[in-house]
Amino acid sequence: MSSQPAVRRSSLHSLWRIRSYVRPYAGQMALMTLSATVAVSASIVIPLITRAVVDGPIADGNRAGLIPLGLLALALGVTEAALNFNRRWVQSYAALGMETAIRDDLYAHLQRLPVAFHDKWQTGQLLSRATTDLSTIRRFLSFGLVYLLVNIGTYITVVALLVHLYAPMGVLVAVAAIPLFFISRSLSRSYLAVSRRVQDQQGDLATYVEESAVGVRLIRSFGRRDHVGRTFRKQATTLHDSSIDRARLVARFWSMFDLVPTLTLGGILLLGAVAVSRQAMSIGDLVAFVSLMLMLVWPVDSLGWILANGQEAMTAADRVYEVFDTEPAIVDRPTAVVLDEPQGLLRFEGVGFHYPQSAAEVLHDIDLEVRPGETLAIVGVTGSGKTTLTALVPRLYDVTAGRVTIDGHDVRDLTLESLRRTVSTAFEDATLFSSSVRDNLTLGSPDASDADVQQALEIAQATFVHDLPWGLDTRTGEQGLSLSGGQRQRLALARAVVSRPTVLVLDDPLSALDVHTEALVESALRRVLTGTTALLVVHRPSTVALADRVALLEGGTITAIGTHSELMADVPSYRAVLSQHADEEVAS
Amino acid sequence: MSTDIKSWRGVAAEDADELDVAVSLRLRDRSRRLLASLLRPHKRPLWWAVAVLLLQNAGAMAGPYLVKVGIDRGIGPIRADGDYTVLIVVTSAFVVAAVTEYLAKRAFLVASGRIGQAVLLDLRTRVYDHFQRLSPAFHERYTSGRVISRLTSDVDAIGELLDGGIDDLVLAGLSVVSVGTILLFLDLPMGLVTLLSFPFLLWLSRWFQRNSALAYRRTREAVALVIVHFVESLGGIRAVQAFRREPRNQEIFEALNGDYRRANERAFKLVAIFAPGITLIGNITVAVVLVYGGSRVMDGSTEIGVLAAFLLYLRRFFEPMQELSMFYNSLQSATAALEKLSGVLEEAPGVPEPAEPMPLPKAGGRLDLEHVHFAYRTSVVLPDLDLHVPAGQTVALVGATGAGKTTIARLMARFYDPVEGAVRLDGLDLRDLSEADLRRAVVMVTQENFLFDDSVGENIRFGRPGATSDDVVAAAEAIGAHEFIDALPDGYDTAVGKRGGRLSAGQRQLVAFARAFLSDPAVLILDEATSSLDIPSERLVQRALRTILADRTAVIIAHRLSTVEIADRVVVLDQGRIVEDGAPAELMGGEGGYAGLHRAWAESLV
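So the protein sequences, as listed, match chains V and Y. The opening position of the first sequence corresponds to residue 1 in our numbering, with each subsequent residue numbered one higher. The opening position of the second sequence corresponds to residue 1001 in our numbering, with each subsequent residue numbered one higher.
Next comes chain V alone, as it looks inside the complex (with noise of 0.2 Å):
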């Protein structure tokens, strides 16, 4: 493939660029560096006393000579453990370090991206390119990195050694390294692909166990166990396939990387024996050099490893930086200004939108206005857009042409803070966090007072909390007390009205209630919507009523506005939107 080159490229581009996460542990890696190079070579020496001690005190008979050469060995001994010990313990706190400063950063960017992004990537995939990736990463800059660079550092330290000793065979062990060289490069091009692949599906395989556990009541009620259970073998067995492909590249790039260097030894069996007999080395040069040899085979068997984390680790970091790379679309201008004092006039001026995955717009031409303190109720079929023009306001998607305002300030010009300060919003699909009742009241204004959320919780009818087992403390969301789809309603308008914002905008709220709360929620909410410019999608003529004036939204764009028994008397579609009777209307 032509483009592995630059797949190559690219990968090693993308592990380069984790060295900013690296270099705050700069000092360490160098001492983790140092303590490897340094056990190594002692563990390389001790062999060396004892030899000293067989040619040395024992062949002489000297007693007293034995002992120092004894304690030099337990020296080096505890030097080798201790440096063992120190390069474990640095890396223990470094690795580590490195690993979770990138996660908090993937995290942090994750949500800074936009909900189009969100819409797009599977939670799975960003899941395990947050744990599984980033602990790959971590393994290769705690042991592969290192043992790599002291690797190198033995295999020319010995070579170099094994020139001078006997430079002909010297040259041959390096000349060894030329195969080495291209088994590496081999392995690299077809070991990429496979290990992104492996990758790729780990993270594809996390989002079909995500969608099932998030799915599990519904497969349950269709009775479809077997099915899921079969998809997901079916994807757990390609995953089985690709790894076990990689476990056989893996197996003939690994024996290969033993199989040349005992084939040089063999060699230099061959060779040395030659060279000794014609009296060109003595027969003691030639069992050091073979001696000096087999201090190679480790270096060289773990490169096989080393490489194929490495190229795990670069492809890991393609994955994540892939995240990294993406630019939050939606974030503060540099010239965005604090709205401050907010009146509360919102317009929407020639507005259009598109989802970026396709040309076709949901909206276009869209002319608005809301005027401080009034209340606009949108009305549309099933599919109309309102929900994605609702959105367009606290900027959860940008216009893609048009503007909204909000007193004359373009939303895009606003900081986001402020902004989302300003506009407060409750979806029908109310999502509430594993915390507690309080805490998911007040996210949008941590210092509201216990008067504000108990104010709150009764215009949304949801003082139910306090007969919650711990009151505002009772712990909701995915990891505490389920509550029911209208309680939930209930607590994600209370959470959008507790900051008393100056625009409030409500998806559909009060769709999960029963007549009875929704009647006594509108009461409620119609005392705080004197004050707040409101922009309400509603599909129930109860809730029209909230509305000063209507706007029907159709084929994505504003076809009529006005009060609602204006709209009632004059528009035919509206009274089908909105009716219940309107059925018997056309018929007749």
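Incorrect hints may appear among the rest.
Pair by pair, the computed Cβ-Cβ distance ranges are [said to hold, decoys possible]:
no.: 1; chain 1: V; residue 1: PRO168; chain 2: Y; residue 2: ALA1036; range: 53 to 61 Å
no.: 2; chain 1: Y; residue 1: PRO1465; chain 2: V; residue 2: THR238; range: 14 to 22 Å
no.: 3; chain 1: Y; residue 1: GLY1582; chain 2: V; residue 2: GLU349; range: 50 to 58 Å
no.: 4; chain 1: V; residue 1: VAL338; chain 2: Y; residue 2: GLY1350; range: 49 to 57 Å
The following residues of chain Y were derived to be distant from chain V, with all beta-carbon distances above 12 Å [as the list claims (entries may be wrong)]:
no.: 5; residue: ALA1157
no.: 6; residue: VAL1176
no.: 7; residue: VAL1179
no.: 8; residue: LEU1195
no.: 9; residue: GLU1346
no.: 10; residue: PRO1361
no.: 11; residue: ASP1384
no.: 12; residue: ASP1429
no.: 13; residue: ARG1464
These are calculated hints, taken from the structure and not from any lab test. Where is the CB? At the ideal position from N, CA and C, for every residue including glycine.
Chain Y: place on chain V using the hints.
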């Protein structure tokens, strides 16, 4: 945060700190049993792997020996009379050994990769299937994040053990035993001195085992919490951003991530002591043997050659110890993960399938709730309910929040079992029906209407896998969803996106209806299934329901009384008791709660 973090944590996830010795042992037993049961089907491949591994090892050992032979025996003849035969034979043998080692290593890596991946596949599907078998009540407590954590991060930890475990264990065990034997045979006193290191090794290993079990258990739980928060907060990103929750989320995430780091750090530091500790014991032993052996040689009690060999073997003895210690480390980490996974597998389904189910070939649809008593934890929802629904009847359940409507629906769909009394379908207790029969007969649609990230058509087909495209279209047409689906960019092939996010709430509900219609159950339970629909769609669904429900039993919960109007019978509930029961027209004329509700609703339509 909440006052009692602990009380909401999972069930099978035993918290690390409060384990006494007995529980800890039970956990370890349970996880070792799981590991054994995972490996058992791979006995033959395992033996094969061990065999090629030994072959590889033999090849590797032969190399240095042949070099020695080549030098000792090969050089003489060349010097004497230019005879290269010995050298060539030895070198050829060397090449054969090298190639054998190469082939054996390759075969071993393939074999161990296959075994490891097969075990992981088996483990994944077992745990996944078991999760699907556990009740919705379990999942509500356990959270989806923790399910993901078990099936990703925990399985990964076991994968790491399987990756390098087999060869580390086999080779290390083999050389330790063989070299240990050689040591004792070479020179008994020196061998015994060497054995003095064993108590220390054992003591260190025990110390490591005890502490690392705790540390790794913490790691597993800490990473689960990171995952739970990650999944939950990114799943609700709209609310996060709309309410400027990001800083607080970041705080929580960094705290959890920090806990995870500390848990890991603890485990890493234990290894940082354990692994060099083994090296230290080994190195000290070498130094002691060096001096002791040296003096024995001088005493004439042993020979130089023996000492040299002894020291060489000693080195071989302690080097695998390192590998053994790394194996032990991954074993400890994997054991902590296995504890969690075996805990999940041990969790009994809250609503178990009967061992010998009663057959239900074709459900008629008669539902009877007989003296049903039900309570969540301590709060009683249904004190003693009797409700009989004849086959083919459409019953509407009406009442305020907390009246027990949803609980009744869930009991009928056997999401829960009653504490006392029985729910019967065609006279058979639901607890006696097989899962397949029950689900074919009873389908529930809720306002949750979860969609998979797949095409619209596939989501409808979920109602009856194997249905043809025509069936799917027909179902959508029957429910009034065809029009909007047809207008989507790719029609029925349009991907709905994560959680169906590319569709509006109302459209998702229509798809959910079509899905339920396609499954064609004898009993259809609708729990607030129309709340997101606008009036025109609701009208369509209503018209469709009249035909759909004509020949089946239906239980409808809706606060929009328009849906209730199609019912044959209305049951009004208050605090788990039936307070009114009759035909809609009958109740509407009366003075009861339903008449009042209906008046309020009619007024809301103006």
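Which hint numbers does the structure go against, in order from smallest to largest?
5, 13
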